[in-house]
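*Asks:* Sequence:
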Amino acid sequence: MAAYWLFKSEPQVFSIHDLHKAPGKKTSWEGIRNYQARNYLRDTVRKGDGVLFYHSNADPMGIVGTAQVVKEAYPDHFAWDPSHRYHDPDSSPDKPTWFMVDIRLQTTFPRIITRDMLAADPVCSGMLVLKRGSRLSIQPVTEAEWLAVQRLAES
DNA sequence: GCCAACGTTGGC
DNA sequence: GCCAACGTTGGC
Numbered sequence: 004m005a006a007y008w009l010f011k012s013e014p015q016v017f018s019i020h021d022l023h024k025a026p027g028k029k030t031s032w033e034g035i036r037n038y039q040a041r042n043y044l045r046d047t048v049r050k051g052d053g054v055l056f057y058h059s060n061a062d063p064m065g066i067v068g069t070a071q072v073v074k075e076a077y078p079d080h081f082a083w084d085p086s087h088r089y090h091d092p093d094s095s096p097d098k099p100t101w102f103m104v105d106i107r108l109q110t111t112f113p114r115i116i117t118r119d120m121l122a123a124d125p126v127c128s129g130m131l132v133l134k135r136g137s138r139l140s141i142q143p144v145t146e147a148e149w150l151a152v153q154r155l156a157e158s
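Here the numbering used here is used: the first residue of the first sequence is 4, the next is one more, and so on.
There may be inaccurate statements among the hints.
Stated by the list, open to error - For lysine-lysine, the following DSS-like pairs were computed, each having C-alpha atoms within a straight-line distance of at most 25 Å:
#  : residue 1 : residue 2
1  : K28       : K74
2  : K11       : K28
3  : K11       : K74
4  : K74       : K29
5  : K134      : K11
6  : K50       : K74
7  : K29       : K11
8  : K29       : K50
9  : K24       : K11
10 : K28       : K50
11 : K98       : K74
12 : K24       : K50
13 : K11       : K50
14 : K98       : K50
15 : K74       : K24
Please keep in mind that the hints were generated in silico from the structure rather than gathered at the bench.
Kindly generate the complete structure, drawing on both the sequences and the hints.
*Replies:* Right, here's the structure in full:
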């Protein structure tokens, strides 16, 4: 059975509009440099899982659409490129430290589901992303939360 | 711009 | 292995 996730992105770095413009509306999700998020990506995120696309550090902040995992974890080769901002000298092709997945855009919501809207919803108010100091950029989402977000997007 | 939260680093 | 210093994230 498919699982659900929330992926954070700063829109000035990569927005849902960038994903919309990408070839096949697909992108690799590289640059995850946190072990807990890495473990989710590598061990738990599976092809077909649903992704809530979240804009952080933005105005307004919130969930802007959904995507689907189309390729499961493979080594984040950006870590091996010394000139890249995601370079990590401790990672190597032999023993990769970091992983990434590919996602494809599913839906761009007609309006952003803001943090206020999430907080006001009895189900979504429990979401990890609302927790103070929740810095995790790959977060698990329950099916109830996933469905509640869809409902908010349609209302 | 501020700062709380929290992960990482490095000296011991 | 402890912990202080430091860096980053990200909401406000």
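*Asks:* Now tell me, hint by hint, if it's right for this structure.
*Replies:* Hint by hint, here is what the structure shows:
About 13 Å separates the Cα atoms of K28 and K74, which keeps this hinted pair within 25 Å; it holds. Of the supplied pair hints, the one linking K11 and K28 holds, its CA atoms being roughly 17 Å apart against a limit of 25 Å. This hinted pair checks out: K11 and K74 have alpha carbons roughly 18 Å apart, not beyond 25 Å. Annotation: proposed proximity of K74 to K29 holds, straight-line Cα distance about 10 Å (limit 25 Å).
As the CA atoms of K134 and K11 are separated by approximately 14 Å, the hinted pair is consistent with the 25 Å bound. Restraint check for K50 and K74: the C-alpha separation of about 6 Å stays at or below 25 Å, so the hint holds. For the proposed pair K29 and K11, the alpha carbon gap of about 16 Å is at most 25 Å, so the pair holds. Between the alpha carbons of K29 and K50 the distance comes to roughly 13 Å, so the proposed pair stays at or under 25 Å and holds.
Proposed proximity of K24 and K11 is supported: the alpha carbons are some 18 Å apart, at most 25 Å. Of the pairs offered as hints, the one joining K28 and K50 holds, with about 16 Å between alpha carbons and a cut-off of 25 Å not exceeded. Between K98 and K74 the CA atoms are separated by roughly 20 Å; this keeps the pair inside 25 Å, and the hint holds. Simply put, K24 and K50 have alpha-carbon atoms about 22 Å apart, close enough for the 25 Å limit, and the pair holds.
Straight-line distance between C-alpha atoms of K11 and K50 comes to about 18 Å, which keeps the hinted pair within the 25 Å bound. Proposed proximity of K98 and K50 is supported: the alpha carbons are some 23 Å apart, at most 25 Å. Our distance criterion of 25 Å between C-alpha atoms is met by K74 and K24, whose separation comes to about 19 Å.
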